[in-house]
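Chemist: As a plain string of letters, each chain reads:
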Amino acid sequence: MLTKTEAVNGAAIKKAIEGRDGKTLSGFYSDDALLRVIDRNNPPSKPREVRGRAAISTFWDDICSRAMTHKVETTITQGDGLAFTQACAYPDGTKVFCAAVLELKDGRIARQTVVQAWDE
Amino acid sequence: MVDDKKSSGRAEKHVRPIETRYARSGDVRIAYQVVGHGSFDLVFVPGFISNLDLHWEDEGYSRLLKRLSAFSRLILFDKRGTGLSDRVDTHHLPNLETRMDDVRAVMDAVGSGRAALLGASEGSPMAMLFAATYPERTRALILYGGYAHFHKWVMPADRLNAFIETAETSWGTGATLSNFAPGRVDDSHFVQWWARFERLSASPTAAAALARMNAGIDVRGILPTISASTLLIHRRNDIRVDPEASRFLVRNIPNARLVEIPGRDHPVWTGDVDRVADLIEEFLTGEPVVAETERVLAALLVTRIYDTARLGDRMWDERSLRFQETWRHIVIRHGGCHLDIHGETMIARFDGPARAIRCAATLREAAQEIGIASAQGAHVGEIELRGPPTGLTARIASQLASHAERGDILASRLIADLSPGSGLHFVDAGRIALDELDEPLALVRAMSEQHLEPACPPKIRASEPAVLTARECEVVSLIADGKSNAAIAAELRLSEHTVKRHVANILFKLDLPSRAAAAAFSARHAGPDGP
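Residue numbers (my numbering), protein chains in the order written: chain A, 1 to 120; chain B, 1 to 531.
Derived from the structure by calculation, the hints contain no laboratory data. Keep in mind that this is a model prediction, so the values were computed, not measured. There's no promise every hint is true.
[As the list claims (entries may be wrong)] Every beta carbon over 10 Å from chain A, so not counted as near; a handful from chain B, in silico:
| no. | residue |
| --- | --- |
| 1 | Gly-36 |
| 2 | Arg-87 |
| 3 | Pro-156 |
| 4 | Asp-317 |
| 5 | Arg-319 |
| 6 | Ala-442 |
[Claimed, not checked] Among the chain A residues that face chain B by a calculated CB cut under 10 Å, a handful are:
| no. | residue |
| --- | --- |
| 7 | Arg-40 |
| 8 | Asn-41 |
| 9 | Arg-48 |
| 10 | Ala-67 |
| 11 | Glu-73 |
| 12 | Asp-92 |
[Said to hold, decoys possible] The calculated lysine-lysine pairs, modelled on BS3-like cross-linking and capped at a C-alpha distance of 30 Å, are:
| no. | chain 1 | residue 1 | chain 2 | residue 2 |
| --- | --- | --- | --- | --- |
| 13 | A | Lys-71 | A | Lys-15 |
| 14 | A | Lys-95 | B | Lys-66 |
| 15 | A | Lys-46 | B | Lys-66 |
| 16 | A | Lys-46 | A | Lys-95 |
No residue lacks a Cβ here, since even glycine has one placed at the ideal position from N, Cα and C.
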């Protein structure tokens, strides 16, 4: 359990993602959070599930270790629900677009579903 | 279903070809490709030689790359001096450190801050050196068929000289294959691919120089400094690299685990590729790989060829090879998929039983043309899509092929039951008792292809049998027995051509559309004196 963490809101998420700050991002999740990813390789009936803050930290460390650009474009907050879109680009110009829906519990992300698509 | 096909067709249309790009490593350009969009990066460090373009043309290689790129962003490259990367002065080959630095250059070019490294064979020492030099950029390490010291675990100096001599004298012919994958030397298709792989991956001089350079590999001293979590995979009977090599690695790399798997062929893209991919996926994602439910209903066709004409070994080998090549083309043309060639037995899979039988008929003709005997068996049932054809359906199809006589296409009754309206003609062929089945299996024999009866019955009633000559009466009665032209020709001691003429005359005289109709006519008019 982190003793000092930033409040989870649209602006904080935008800053951490665009700054490729994996450590801050990992701190936004509750210990038993569930992150689900749905994309071409992980269809809705069998999404990729990343469980727990340790695994989610690895996930964000992997993403943030890449020299790619991320731009969080739209953020919507409604009670304990939060949603945002994210446009990313690799150095070779390949683009990835994600839409994420989050459920907050006690100020931390308890559940997140990411749907993403990419150039191919 | 229709919608699915449409959408997948659309998707295929817009898939970009895999782009090959070039990273700069010092003055040298390193060719690389990036495939997949997984959340972490995986760099594949190839072995002795490689060619980025050619890998995708081999079934096993592309299967491996597709599996790996399904859960990672897979980064592929050709080492300097090989494949699509810049050639280098073969008299001043770069050392292991320089080649390792090529990995870093490629990672920088694709924006990969850290990656898991998969080193295969000679790629392993490079991957180990990278992991020891750049721990912060190494997410994890996988070493397949790896080693730390060439002479100790790959080959001693005298065998290396013999290998280099073979490489120098017959490079580009595929002659080195037996050193790497003896299990594939009878697969002429793969031998051809391997020969191209040699030619397009390195020149003869470069190959010999690379082999000499690899002989100098000794990274034993750096093993204790590797901190990345490491998975070692080695085939128990690996022909190229002694499994003791990985047992040494697991004892000396601090955070390593070794999995030994069955197999003899050395290249990572030969043998049971899925087993290797499963292990890597589980290690990197932390999730056990759920076996894909890939059991499907399919028709299997087993084609057996044999020599009845005592051709002699040499001529038989030539003809059997020619038939195997023909078999590949014919199976593809009928929408089938090659499953296995084992000596003189070939197995193909089809979506529908009618396709399998039509293919069998074409194969029978091809065998006749080549001058060899064929016997075939077909059965329909559930089969496993992955791996070699095993299971009950495959065993039954094989037993039917063994039971079939020369020129026969013997199928289970189920094949005929699932082919109504196909125009195929089957005759009853009794039953066969198989150990694995409680009940004897009902069999049919596939006859020459028939055309469908016309939608409207012919206006003129069939004429009386009296108009047929005595010989034609014999022929029509044999047609009714379900015999092929070849069989009728043999029985009546006529040429097949003459039988064809008789059949054409019979159909013309009786104004019948097909052999099936002639058979029905014969049955209607059968009497003590025949039709």
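Chemist: For each hint, tell me whether it holds in the structure or not.
Modeler: Cross-check of the supplied hints:
1. Gly-36: At roughly 8 Å from the nearest Cβ of chain A, Gly-36/B sits no farther out than 10 Å, so the non-interface label is violated.
2. Arg-87: holds, 25 Å
3. Pro-156: holds, 42 Å
4. Asp-317: At about 45 Å from chain A, Asp-317/B clears the 10 Å cut-off, so the statement holds.
5. Arg-319: Answer for Arg-319/B: holds, closest chain A Cβ roughly 45 Å.
6. Ala-442: holds, 39 Å
7. Arg-40: holds, 8 Å
8. Asn-41: Holds. Min distance 5 Å.
9. Arg-48: holds, 8 Å
10. Ala-67: Hint on Ala-67/A: holds, closest Cβ of chain B at ~3 Å, below 10 Å.
11. Glu-73: violated, 20 Å
12. Asp-92: Hint on Asp-92/A: holds, closest Cβ of chain B at ~7 Å, below 10 Å.
13. Lys-71/A with Lys-15/A: Holds - the C-alpha atoms of Lys-15/A and Lys-71/A are around 9 Å apart, at most 30 Å.
14. Lys-95/A with Lys-66/B: Judged against 30 Å, a Cα distance of about 20 Å means the pair holds.
15. Lys-46/A with Lys-66/B: holds, 18 Å
16. Lys-46/A with Lys-95/A: Holds: Lys-46/A and Lys-95/A sit about 24 Å apart, inside 30 Å.
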